[in-house]
Amino acid sequence: MSKVVPREYYQFMQEMQAIDFVLVELTLYLDTHPDDAQALAQFQQFQRRKQALMQQFEPLFGPLHEYGNSPAGNRWAWAEGPWPWQV
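Using UniProt numbering, read the sequence shown as starting at 1 and increasing by one per residue.
You can take every hint at face value.
Quick list of simulated restraints, FRET-style, between CB atoms: (1) Q86 with T32: 35 to 43 Å; (2) Q38 with Q86: 35 to 43 Å; (3) A39 with H65: 20 to 28 Å; (4) L28 with P6: 31 to 39 Å; (5) Q86 with H33: 35 to 43 Å.
Rather than coming from a laboratory, the hints here were simulated on the basis of the structure.
As the structure is a prediction and not an experimental result, all values here were calculated from the model.
Don't be surprised by glycine CBs; every beta carbon is placed ideally from N, CA and C.
Kindly generate the complete structure, drawing on both the sequences and the hints.
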C-alpha cells in the first residue's frame, strides 16, 4: 500500500536538492580556489540553510538518512517509507 505524500514533502525535497547542487559546485570551486572568502561564506550559508531544512523536514516526514537529525525516540523509524528516493 502506498502512502499519500503531501505537496510540502516535494517542496522540501526540491529545495534541498537545489541546495545540494550548489554545495557540490561550491565544493569543486573551493578545491581550486581555497582562499576565496566570498565563496567560502556562500558555502557556509548554504550549509546552514540545508541543515535548517533537514531539521524542519525530519520531524514531519521522517529521517533523510539512517543517521538523521531526528531523535530515534523509542522506535527505529528509518525502515518506514517512503524513503526520499522512492517518491
